[in-house]
Structure formats: structure tokens, C-alpha cells
Amino acid sequence: MIFIVSITLIAIVISFLSDRQKTYQGVVKGMRMFVNILPALLNMLVFVSVLLYLVPNETIIRWLGKGSGVFGVAIAVALGSISMIPGFIAFPLAGILRKGGVNYEVLAVFITTLMMVGVITLPLESKYFGTKVALLRNGLSLVGAVIIGILIGLFM
Amino acid sequence: MKKIISKIFLGEYFIIVLFGLLLLFSCYFHFSFGSIIAKNFWLFFTEMITFLPFMFLLIGIIDVWFPKEKVERHIGPESGIKGIFWVIVLAMLQAGPLYGAFPVAYLLWKKGCSIRNIFIYLGAFSTLKIPMLTFEIGFLGLKFSILRTLFTLPVFILIAKIMEIYFKNKQFDIKQP
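The listed protein sequences derive, respectively, from chains A and B.
FYI, the numbering used here numbers position 41 of the first sequence as 41, with every residue one higher than the one before it.
Basically the numbering used here = 1-based index in the second sequence + 1000.
Next up, chain A with everything else stripped away, as it sits in the complex:
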């Protein structure tokens, strides 16, 4: 977090010294994006707050925490492939889950499948590339996501 905040401040100062007009545009653009995602973000926070109340922490850790193994990865693959959550919601969510004891391996698989595999968008992808290409790309991406997750689990 502190890293991102410092980078942002440095970027704004450099940008401001080089071009005030551009900096102003960038700031307005960024803030507009922030206001646009705010409702979706708050909805996610409401959902997670209620969910964490209903599902005890021990259950989450047992399913997705250390030692959940193949089962945890399988849940992550299923959730990540089927759901369509934009990154600006998925990462805050992942941050909360991380603090709740979910391990990095599961989070990496969830995030990678979320980004690379799209079951719901498969029909649309097939229209662009053809069914065979779309299926192969999604299939390979799924395998790749699991490999990435395992590697993250080994190194984190």
C-alpha cells in the first residue's frame, strides 16, 4: 500500500512539474473512475461483511486456507472461471480474504482464472475466434492458472 501511495505522489509531482494541464486531466480522469466504481465497491463490501458474519472464519480457512490443498484450488478454479468480477473489485476482495487466512496459492489461482478464463463469455469468444480456438485458449489458460498458483504457493 505504502509503495503505491509513494509511487502515486512521485508520479503526480513529476507530472505536475512537466505539464500542469495534463496532470489536471489525469487527476480528473482518475477521480471520475473512482466515483464510477464506488457503488459496485460498496456493494461488494456489504456482501463480504455479511458473508463473513454468516460463514465462520474457521470454515473459510478450512476450505481455502493453508492445507486446503487440491480442494481449495478446485474451488478457486470454479469461482474464477465462472464469475465475472472486475479487477477493481476482485483485488480488494482478495485482500480481505488474505487477511482472513486464505492462502496465496488459492488467491493466485482465483485471480488468474478470473482474468484469463471466461465460461460466461465463451459464446462471445467463439463468435470472434471460432469454437475450437476459444475452447483451446480457455482450457490452456485454466491449466496455466493452476501452474501459476502452485508456483506462487511454493515461493510466497
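Since the hints were made in silico from the structure, they are not lab data.
A few of these clues could be false.
Derived pair list, reagent style BS3-like, types lysine-lysine, alpha-carbon separation capped at 30 Å [what the hints assert, rightly or not]:
1. B:K1161 <-> A:K22
2. B:K1110 <-> A:K132
3. A:K66 <-> B:K1039
4. A:K99 <-> B:K1143
5. B:K1110 <-> A:K127
6. B:K1039 <-> A:K99
7. B:K1168 <-> A:K132
8. B:K1039 <-> B:K1161
9. B:K1161 <-> B:K1070
10. B:K1070 <-> A:K22
11. B:K1143 <-> A:K66
Covered stretches of chain B, going by a simulated chain A footprint (3 or more residues, C-beta under 8 Å) [stated by the list, open to error]:
12. 1015-1029
13. 1032-1038
14. 1141-1155
Each residue gets a CB set at the ideal place from its N, CA and C atoms; glycine is no exception.
Dock chain B against the given chain A, drawing on the hints supplied.
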């Protein structure tokens, strides 16, 4: 004024308002669930609200200084490492969900981009977008983000290579539906 109020209460903020009312209700009747949920919510909310504006400011500044149009000029039919590099840079500057990348893939294909580079574009688009990396570093840490990038890069280049080998001498085409 009335319009604004009805927009807030019935529009995008409907769930938040309902949530707030439920918490007030719970607090008034001294139900325990309200205070626990409210504590959860407040904890998450304060963290998001302090850091998210910074992330969006950074994304806004990057967006203004690195226009995609400039990078697009570098992506011709030329292949090799240089082509891969520019395709990845172009993909990193984008934002949005994966299905937003399909029309761009179509355009790249029409411009003469190779099969391999099309799929490298899709891979980089889905996993290495700068707005996404900003969020990843913020919420899961720099180490996680660097490791995931290092592992993901060869994976999607390999996927692109497999796609190229598999579809090279078959009928491959990207259509605009």
C-alpha cells in the same frame, strides 16, 4: 433535489442504503449481528477509502502520459522479440474486461499481426494491465505481484506458441460478429 434523493435511494446505492437501514434497525433493537457486521464493514471501508483514490490517481496519470495510439503504431506485421514487446506494452495500457480485448484482437489481426502475437496480446491484456497491477500491488503486495507476473509471462507466451503451432496450417480467422 428530490430527483437526486430518489436516484441515490433507488439507483446504484440502493443496497448500501438498505444495508444502513438494517444496521440502524439492528442497533435500535440491540441485535448483536448488526454491530459485528458494521465492524467488518467499517474495517474494510476505511482501508479502501484511504488507498483507492491514490490508485485511481496513478491510473489517471498513466493514462494521460502513455496514450495507446502511440504504441499501436509500433505493431505491424513484424515479428520477433520486438513485436512481442510492443504487443505486451499495448495490452498493459488497456483497461476493462477480457471481452473488451476481442475487438482489438480483430483489429490487430486485420493489421497483419501474427497468430502468436494475437494470443500474447490476449494473455497480457488479461493478466498484466497496469490498472490491475496497481490494485494487485496495493492489496496483495509487491512480492505477490512480481512473482505472479514472472510466472504468468512465460505461461501465456507458451499458450500463444501452442495456439500458433496448432492453428498455423489450419483455417484461422478472427471475425467481427
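Quiz item: Taking each numbered hint in turn, which are not upheld by the structure, reported in ascending numerical order?
Solution: 1 and 8
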